[in-house]
Amino acid sequence: MTNEPQEFLDQDIRITFDESLAGRPVEADGGAPVPGGQAGFRTTFKGRLTGRRLAQGDPPWLWLELADLLEAPQDFEHAHVWVDEAYVYFLDEDRR
Amino acid sequence: MTVDPLHTQLCDEYGCEVPIVAFAHTKDVIAAVTNAGGIGVFGAGSRTPSELRSDISWIKERVGNKPFGVDLLMPASLAEGNREDLEAQIPQEQRDFVARLMAENNIPKPKEVQPPDGQMLKHARESLEVIFDEKVPIFASGLGSPAFVKDEAHAHGTKVWGLVGLPRQARRQIEAGVDVVIAQGYDSGGHSGTVGTFTLVPEVVAMAEGTGTLVLAAGGISNGRQLAASITMGAAGVWTGTIWLATHESATEMFIKQRLIEARAEDVYQSRAMSGKPIRQLPSKYGDAWKQPGAPQTLQMPLQGMLVSEVLAGIKEAHMEDWMTSPAGQSVVGIHEIRPAAEVVYQMVEEAQDAFDRVAGTPVA
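The listed protein sequences correspond, in order, to chains A and B. First residue of the first sequence? That's 1 in my numbering, and the numbers climb one at a time after it. First residue of the second sequence? That's 97 in my numbering, and the numbers climb one at a time after it.
Heads up, a few of these hints could be off.
Reference listing, derived: stretches of chain A covered by chain B, where coverage requires no fewer than 3 residues with Cβ under 8 angstroms from a Cβ of chain B [as the list claims (entries may be wrong)]:
#1 13–26
#2 55–66
#3 80–92
A few chain B residues that don't get close to chain A, going by computed Cβ distances all over 12 angstroms [unchecked claim]:
#4 Asn161
#5 Gly285
#6 Glu345
Keep in mind the hints are simulated off the structure, nothing from the lab. As the structure is a computational prediction, the values presented were derived from the model and not from experiment. Backbone N, C-alpha and C define an ideal beta-carbon position, used for all residues, glycine too.
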């Protein structure tokens, strides 16, 4: 059982665990809209997958949880980040 | 038989007369560009689903069956965090700086500060439902990948476009079968990528060859020579943004339009002062204040946004023109006057035709 973050409540979210992903090193292209504005920002993360996968809505919008962010951008303070699976690049197989 | 290089595959597939796509936050610009033969794409990032539905109806009434689109800033990453814990991480030095900035410059406390969106996924999904329900011809994702909704969009008759800043993002979108990839270079406004337009576009075009995905060039494009160059590089057209801010139809404030006319390419800078992440924008007293000697470092995302939300809201509410800004790209260099959007379209076409004619008339050595 995982503790769901408050901001994920009421968003039709399912979180599962995929052991085959846990510990794999990845890079991921992230970003989000800037709150209250019309601009967004882009950022890149590097770390290891925890194995947790989040699916929101139908068709499912898939996200992977990234931790061990020691190689993450210097300006990021969180211990974990969810990244869109579409922009996750496996460093152990997929460096293109 | 003569071939019109400006009649690209984008024109064949979408029914536009010229391969010019205009991104704008004002629906009047969208209608004007679409009716002038291009494709207007409405930036609906800050609109609620009900506002968006009304905007779409308004545009449809004016453009009929001509092609237009809606762009959403789909998130690509989500950070968890307790707001109180994060607030505690904001250093006193930065708090004091912002307090001093407000006091010394008579920036009032705002009546209302917009809280951060804690339900980003849900809200994005609701907006998508409106786009599909209204059968908007094009859905463009201005940030994250739109691949997960491609099939649903196609089932509603909506084409899916994705804006990318890196070749690897383009590869993922092409592999997913996205209809159009917008390759956006470093020169662009807002959340620009790190690769230059002239480097990124040909690489993405090569990736897309034979796949059925079309490529649009973006970033720094404001005239017909750049349109011709983009088509020569293999793009099916151009995606433009900044150039429309100074059109008659744009709701951009008049003083911002004037600053767009006056700005040089090197004037628009990437500042972290608003969110903690670089956003290319027009210079302002607010952005400049963070660059002055003695100013503290900007904070990381999301702390900077939390720190400055009050001062930014105060500036906006008090309408302090010198302190306000707008995302803008280096294509400001192509803005010389306030003109009707249709005229901008026609001039770009004319310039591109001249450029092609000039090259065609050049004898080969």
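Starting from the hint list further up, note which numbers the structure goes against and sort them upward. 1, 5
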